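J.: Hey, can you piece these two chains together into the complex? The hints should help.
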Amino acid sequence: MTKTGRKNLRAHRKLFLSLLALLTAASFFLSVCTGAQPLSLPEVWDALFSTAPSLSRTIVRNIRVPRALVGALAGACLAVSGAILQGIMRNPLASPGTIGVNSGAGLAAALCLVLFPHMEPLLTPAAFLGAFGTTLLIYALSWKNGVNPLRMVLAGMAVSSFVSALINAIHLFFPERVQNTLGFSVGSLAAKGWRDLFILLPYGAVGIGLAFLLSGKLNLLGLGDETASGLGMQVERTRFFFIVIASLLSAGAVAAVGLLGFVGLIVPHGMRLLTGSDHRFLFPASVLAGASFVMLCDTFARVIIRPAEMPVGVVIALLGAPFFLYLLRERMGDGRE
Amino acid sequence: MIEVQSLSVAYEGILAVENVSLSIPAGCSAALIGPNGCGKSTLLKAVAHQIRPSQGTVSLDGKDSTRWSSRQIAQLLAYLPQQFSAPPDYTVRELVEFGRTPFLPFGRRLQKRDRQIVDWAIREMNLDGFQERPAVSLSGGERQRVWIAMRLAQQPKILLLDEPTTYLDIAAQFETLRLVRKLNRETGLTVLMVLHDLNQAARFSDLIFVMSGGRLLGEGSVRDMMTASLIQRAFGIGGVVADDPVTGTPMFIPE
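As you go down the protein sequences, you meet chains R and E in turn.
Position 243 (the first sequence) corresponds to 243 in the numbering used here; numbering is contiguous.
If you count the second sequence from 1, you need to add 337 to reach the numbering used here.
By construction, these hints were calculated from the structure, which means they are not laboratory data.
These numbers come from a predicted model, not from an experiment.
Possibly wrong hints are sitting among the right ones.
Claimed, not checked - Okay, derived cross-link-like pairs now, SDA-like style, lysine to any residue, Cα gap no bigger than 20 angstroms in a straight line: (1) R:144 to E:348; (2) R:217 to E:443; (3) R:217 to E:387; (4) R:14 to E:469.
So here's chain E without its partners, still in its complex pose (with noise of 0.2 angstroms):
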């Protein structure tokens, strides 16, 4: 489903994914994890089309997409960047009708169909309670999930996320990492979503891809990642890994 093949970013010079190749199957809920600068968010730009990269394909839904339009990817591909900003006055509902963008032709007004998508899109975020408020008068936490809504009715294929728990209180974090696994799970949306911490990537995904210095430093299923050795090699922080007691996936602990 994504497909990156010796992929190279530069950014003013400085190359900040170096050779980067990476297979990530339909319907899999994978993690990019990585220290600070690592190039973890540049490599979801780069699959995102956001940014060209200097070197390599990326390649979705089994076909060459490095030179599609940015509407032909948003039309399958859905983003959601690290730091946004909106218009203090809309509503929940107006912003959620923004992600259907792609698929209005020119001039033409949200249809019967549009809006149903849109519909659905609130109701799988949690948010129907709130679809006339201003999303400024909303907590973080509901406020993302807007943000997430507005992708979903994108009816995208794939939901890239850049940090998305960052900011968000505790119960926040896992409500939004529970809603996206959830539809990753019933609709077989393929996720890649950057996260810091390393427990929530355990949990709520099936692949991990390590990062470090623009590298990949390993990928492959939970299990095989969460070791205190790739752990201590990628961050240079030492610990110990261990069952997680309520769902039993790995956990990491630093010493």
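Same shape as in the complex, but just chain R (with noise of 0.2 angstroms):
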């Protein structure tokens, strides 16, 4: 059934990926009416497009759109970030939160705020720097004769473990500055502005613009490295290539809106799951998966304990680990090898 069911929607790929599309467009405006003051759907529409000055006015426009668009941003590049590490290493445990990039630009950001705590245009640099050093440690740390995706996973979480402890030490030894390192290891969009997502959009723009364009090279590399370099690819350079632009992508979202682990797994893996391993129709899908995601979580994280509300980094943690069992046993059900 699932086989007939998964055949069915190969074929609509064009029609879900407007679905999609829609539900992005819809999570938009759900959250943008959600909020300490609730607006309606057509109170929206008169502060995003008249002139006349007013209190719902400036909420929307200086409050909730630009924290809506910093977590759709930051969504659809851990979404895709994940779903280039999955592809690379052929493996669906891969994502920016698992094999330690998250982390490493966690940590960076993390030192940053310690070290110079009003340097703030430092801060995305910083975290790009650090995931990207991370990943050379660990593709480092897995070279031998060329990477082995396995070994490249495990090297991951070893040291993803390894910097997380480092974080901890960071809020142990330095807990006047933990207010503001607290961000990085939850994650949340509290407080997002217009700055926060013009710091994001480059590293956004550029890391998606080249997914997209190289989708073709990553599903020749989802064939296996010997039949890829059989078919005239450099496998080693391409893989190197893409390891690069997950780090750009992960470290641009959690330099913007701290650690959302889950996201780059899951978003990439359920939509593997619906449209297929072909990274042309699976990129799209998870930008706007991605997106839409952690704008739900965010709407959701903002009325469950309202009028207080809760970093979306918990919710999409306490959503994302069963839905990631889920998952995992649907498509152990399925009989991949």
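T.: Listed below in structure tokens is the structure:
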């Protein structure tokens, strides 16, 4: 039954992408309507498109829209980063969270906050260097006549827990700065504004753009190293380039909103089950689903203990872990070797 | 067509292939045989330019190809490795289309001519009825033919196969070898394959190369290589060679 279900969905992949786009738009409006002061859709519409000054206009334009957009873009970046890592490692357990790219970015960002508390423009470049440095370290640790994907996942898990320990140590030694760094280990969209969006935008645009452009190469890499190189691909060089793109995307997202671990794992995994392994469809599907997922989780995080709000990272972890287990069970049932 | 000169390959410091020279004329079907771990797969990989030799040269089509780019190689030579995997949802046709990769400029989709070549490759491997099926739903033999069809879509002059019949049942083994032999005869495709079954090597090739301990023990026609003494030397197993009652080619029967 699942087999025919998937076949039908493959035949309607474009329709599926359109539905995902609708879901993304709906999530955006739901997110903008929700908050300490609930607004109706017409009110939001007025606030967006009329010029008359009002309180709701200020709330919508300065707080809710940028918050939703930062969440959407961060979700899209993490999802594409995860799709790339799962593709190059041919392993559904790979994601910027599990192989340590996220925590590398988090460590660099935490160090940056502790050492240069007032240099916020340094944050994203530092996170990128952290993510990239961690990835290089994992790459080097798993190198032996080329990189074996399984070795890379295992090395990533080890490095990831080491780096997490360092982040905890920073929390312990600089408790007065914990206020600042706590957001990085949990991941939150609270008080995110236009400035955060503009910091994240170049990373997201370049990373997602390159991923779309090179999706065919990632498909070829999915057939195995020997097949890909037999068909004329420079396997190690291509894989390295994709790792750079994945770190760029995850670093941008981590610097902007902190650690949102499960997004890069669940979203691309789920989309792969639904639309198949062709990255020309998987990337756009991951962008839309990642954006919707983070906006919906953030909306939920703001209403569940109203008037207080929960960090979105907590909601994602609570929803993400069981959903991931469900996906694993589904996948085990469909007979893939 | 394939010219290997004093080739040595070291794997993690151990010499897997030692000073091998061989030559396979165009349009010939050749088999590489030898005991497990004798270096035959390594030699095949070096001919396919999948690994760099530590010494010696490989020439393809009369030109020294040692320094060619992997894309240039892929336009002339197709290589089927022993192990491969694919995402479970690709259809047969989608997989065969990957074979056109070395000919597509960056960002270019398949053109009409590419699709015709894919049609041809699918037809040659008897996969017409399976085009839209996911490759995982096929039998082992059908799947092996998909992977060979992907290589045919490269329109290679040289086809290298690493143990193409391992894991297949006897009917699928013979169908695979027959289809490859037919292509070799009809289109002049040069074939070099690693085979474990000596009798299949004798039946489906013109030339046999015998390897042992990283060195070439013998090379020549099927009749010259299929002798009890050479097989005893290479594999350490005694037996007799008789004519196969069906095809008349030599057949080895262990004692």
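J.: Can you confirm whether the C-alpha distance between residue 144 of chain R and residue 348 of chain E stays at or below 20 angstroms?
T.: With Cα atoms ~12 angstroms apart, residue 144 of chain R and residue 348 of chain E stay inside 20 angstroms; holds.
J.: Are residue 14 of chain R and residue 469 of chain E close enough, with their CA atoms no more than 20 angstroms apart?
T.: holds (18 angstroms)
J.: So if I understand the rule, the pair passes when the alpha-carbon distance is 20 angstroms or less; does residue 217 of chain R with residue 443 of chain E pass?
T.: Measuring from Cα to Cα gives roughly 10 angstroms; hence the hint holds.
J.: Hinted pair, alpha-carbon criterion (20 angstroms max): residue 217 of chain R, residue 387 of chain E. Please report holds or violated.
T.: holds (18 angstroms)
No hint from the list above goes unmet by this structure.
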